[in-house]
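Could you build all of it, start to finish, from the sequences and the hints given here?
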Amino acid sequence: MDWKTLQGLLSGVNKYSTAFGRIWLSVVFVFRVLVFVVAAERVWGDEQKDFDCNHRQPGCTNVCYDHFFPISHIRLWALQLIFVTCPSLLVIMHVAYREDRERKNREKNGENCPKLYSNTGKKHGGLWWTYLFTLFFKLVIEIVFLYILHRIWDSFDLPRLVKCVDLPPCPNIVDCYIARPTEKRVFTYFMVGASAICIVLTVCEIFYLIFKRVVRSAQKWKKNKKSLSYSKASTCQCHLRLEQQLDGKVKLTPSEALRASAPNLTLI
Numbered sequence: 001m002d003w004k005t006l007q008g009l010l011s012g013v014n015k016y017s018t019a020f021g022r023i024w025l026s027v028v029f030v031f032r033v034l035v036f037v038v039a040a041e042r043v044w045g046d047e048q049k050d051f052d053c054n055h056r057q058p059g060c061t062n063v064c065y066d067h068f069f070p071i072s073h074i075r076l077w078a079l080q081l082i083f084v085t086c087p088s089l090l091v092i093m094h095v096a097y098r099e100d101r102e103r104k105n106r107e108k109n110g111e112n113c114p115k116l117y118s119n120t121g122k123k124h125g126g127l128w129w130t131y132l133f134t135l136f137f138k139l140v141i142e143i144v145f146l147y148i149l150h151r152i153w154d155s156f157d158l159p160r161l162v163k164c165v166d167l168p169p170c171p172n173i174v175d176c177y178i179a180r181p182t183e184k185r186v187f188t189y190f191m192v193g194a195s196a197i198c199i200v201l202t203v204c205e206i207f208y209l210i211f212k213r214v215v216r217s218a219q220k221w222k223k224n225k226k227s228l229s230y231s232k233a234s235t236c237q238c239h240l241r242l243e244q245q246l247d248g249k250v251k252l253t254p255s256e257a258l259r260a261s262a263p264n265l266t267l268i
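Heads up, the sequence shown is in the numbering used here, so the first residue is 1 and it goes up one at a time.
Keep in mind the hints are simulated off the structure, nothing from the lab.
For clarity, every value in this text was computed on a predicted model and none was experimentally measured.
Hints are supplied without guarantee of correctness; some may be wrong.
[Stated by the list, open to error] Under the rule of at most 25 Å between Cα atoms (straight-line distance), these lysine to any residue pairs were calculated in the SDA-like manner: (1) Lys49 - Lys184; (2) Lys15 - Ile199; (3) Lys122 - Lys49; (4) Lys15 - Lys108; (5) Lys163 - Gln57; (6) Lys212 - Asn224; (7) Lys104 - Leu116; (8) Lys122 - Gln57; (9) Lys184 - Arg151; (10) Lys212 - Lys104; (11) Lys163 - Val37; (12) Lys212 - Ser227; (13) Lys49 - Val30; (14) Lys49 - Leu167; (15) Lys220 - Gly125; (16) Lys115 - Phe136; (17) Lys115 - Ser17; (18) Lys220 - Arg151.
[To be verified] Computed Cβ-Cβ distance ranges for the label pairs, DEER-style: (19) Phe133 - Ala39: 44 to 52 Å; (20) Ile199 - Leu167: 32 to 40 Å; (21) His67 - Lys104: 53 to 61 Å; (22) Ala39 - Glu102: 42 to 50 Å; (23) Ile148 - Ala179: 19 to 27 Å; (24) Tyr117 - Lys226: 22 to 30 Å; (25) Leu89 - Lys122: 17 to 25 Å; (26) Gly125 - Arg42: 29 to 37 Å; (27) Cys204 - His124: 54 to 62 Å; (28) Ser217 - Asp50: 21 to 29 Å; (29) Ala39 - Lys104: 26 to 34 Å; (30) Ala39 - Pro114: 32 to 40 Å; (31) Glu183 - Lys222: 54 to 62 Å; (32) Ile71 - Lys225: 15 to 23 Å.
Just so you know, even glycine gets a beta-carbon here, dropped at the ideal spot from N, CA and C.
In C-alpha cells form, the structure reads like this:
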C-alpha cells in the first residue's frame, strides 16, 4: 500500500474540512498511519512464525493459530484505515464536479456570466449532505471495526498462553504461546485509543455541522420574518392615512381616496 499517495489525496480534504476535520486527519496520519507503517508492521510481522505450541503434531500449530487469530491485526488495521479514509475522497469528487459545472457554464455563457456557486468548496446544499454522509460512514466503520476487535480478541487482550481444546488434528489439550504478547498488547491498546479519539472527533464534527446549519436557518427565518413585518407595517400606515382623511371634514371622491392611499399611482 502506498501511504504517501493516500496522504497526498486526503491532504486536499483539509481545504474543505472544519477544524474538527483537520484535527481528525492529523490524528489519523500521525497516530495511526505513521505508527502502523513504522512500528506495528514490525511488531506483528512474526506473529505466525513465533506462535509456538507444545505439540508437534503436523498441522496442529496452524489450526491453533487460525482459531485464535482468524484475522491478522495488521491486515484488519490496514482494512480499517482504508475504509475510514477513502470516504473523504467523496468530498473532493463533489467539489471537482462543482468546478467542472462552473467551467462548462463559463464556456457556454461567457466569462462574465453569473456563477452557479458563490464558492465551489463551501459546504452548502448537496456538498453539505455529502460531507455529513462521509462523517456518518466513518463513524459506523470505526465502531464496527472496534466491535470486531473486541469480539475476536476478548476485550483487546492478548494472553501469553492459549489452549487449543478439541481442535483436530491436535490431540486433547495443546498449549500455545504468543510471541511478545506484552508489546503487542500495548500497540493494540494504542491503536484502539487512537480509533476512539477519531470517533469522538467525528461525533463532535457531526454536531458542529448540524448546529451551524440550524443557527444559519434560524437567522434566515428571523430575517424573513422581520422583512415581512416591515412590509405589513408599511401597508397598515397607508390604510391609516386613508382612514384619517376620510374621517375629515372634506369628503373625498373615490379617485381622490385612491390617490391618497397610493400617491404614486397614476389613474388611466
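Status of the hints after comparison with the structure:
1. Among the hinted pairs, lysine 49 with lysine 184 is consistent with the structure: their alpha-carbon atoms are about 15 Å apart, no more than 25 Å.
2. Proposed proximity of lysine 15 and isoleucine 199 is supported: the alpha carbons are some 21 Å apart, at most 25 Å.
3. Restraint check for lysine 122 and lysine 49: the C-alpha separation of about 52 Å exceeds 25 Å, so the hint is violated.
4. About 28 Å separates the Cα atoms of lysine 15 and lysine 108, which puts this hinted pair outside 25 Å; it is violated.
5. In summary, the hint linking lysine 163 to glutamine 57 is supported, as the alpha carbons are separated by about 15 Å, within the 25 Å threshold.
6. For a cut-off of 25 Å, the pair hint linking lysine 212 to asparagine 224 stands: about 18 Å separates their Cα positions.
7. The suggested pairing of lysine 104 with leucine 116 holds, with an alpha-carbon distance near 10 Å, which does not exceed 25 Å.
8. Between lysine 122 and glutamine 57, the direct Cα distance comes to roughly 64 Å. Violation of the 25 Å bound is thereby established for this hinted pair.
9. At most 25 Å may separate the alpha-carbon atoms for a hinted pair to count; lysine 184 and arginine 151 meet this at roughly 17 Å.
10. Restraint check: the Cα-Cα separation between lysine 212 and lysine 104 comes to about 32 Å, which exceeds 25 Å; the hinted pair is violated.
11. For the hint pairing lysine 163 with valine 37, the CA-to-CA distance comes to about 31 Å; that exceeds 25 Å, so the pair is violated.
12. Annotation: proposed proximity of lysine 212 to serine 227 holds, straight-line Cα distance about 23 Å (limit 25 Å).
13. About 29 Å separates the Cα atoms of lysine 49 and valine 30, which puts this hinted pair outside 25 Å; it is violated.
14. Note on lysine 49 and leucine 167: the hinted pairing holds, with a Cα-Cα distance of about 20 Å set against a maximum of 25 Å.
15. For the given pair, lysine 220 sits about 15 Å from glycine 125 by alpha-carbon distance, which is consistent with the 25 Å threshold.
16. Only pairs whose Cα atoms come within 25 Å are accepted, and lysine 115 paired with phenylalanine 136 is rejected, the gap being roughly 31 Å.
17. For the suggested pair lysine 115 and serine 17, the alpha carbons sit about 23 Å apart, so the restraint of at most 25 Å is met.
18. For the suggested pair lysine 220 and arginine 151, the alpha carbons sit about 48 Å apart, so the restraint of at most 25 Å is broken.
19. Range check, phenylalanine 133 to alanine 39: Cβ separation about 33 Å, and the 44 to 52 Å hint is violated.
20. In this structure, isoleucine 199 and leucine 167 meet the distance hint of 32 to 40 Å, their C-beta atoms being roughly 35 Å apart.
21. Taken as a hint, the range 53 to 61 Å holds for the pair histidine 67 and lysine 104, whose Cβ atoms sit roughly 58 Å apart.
22. Separation of alanine 39 from glutamate 102 is about 45 Å and conforms to the stated range, judged on CB atoms against 42 to 50 Å.
23. About 23 Å separates the C-beta atoms of isoleucine 148 and alanine 179, a value consistent with the hinted range of 19 to 27 Å.
24. Checking the proposed 22 to 30 Å range against tyrosine 117 and lysine 226 shows it holds: the Cβ atoms sit about 27 Å from each other.
25. One distance hint, 17 to 25 Å for the beta-carbon pair leucine 89 and lysine 122, holds here, with the actual separation near 19 Å.
26. The given range of 29 to 37 Å is broken by glycine 125 and arginine 42, whose C-beta atoms sit roughly 47 Å from each other.
27. A beta carbon spacing of about 21 Å between cysteine 204 and histidine 124 contradicts the range 54 to 62 Å that was offered as a hint.
28. Look at serine 217 against aspartate 50: about 59 Å separates their beta carbons, and that is not inside 21 to 29 Å.
29. At about 48 Å, the beta-carbon gap between alanine 39 and lysine 104 misses the expected band of 26 to 34 Å.
30. A C-beta distance of roughly 54 Å is found between alanine 39 and proline 114, which places it outside the suggested range of 32 to 40 Å.
31. Range check, glutamate 183 to lysine 222: Cβ separation about 59 Å, and the 54 to 62 Å hint holds.
32. The hinted range of 15 to 23 Å is not satisfied by isoleucine 71 and lysine 225, whose Cβ atoms lie roughly 57 Å apart.
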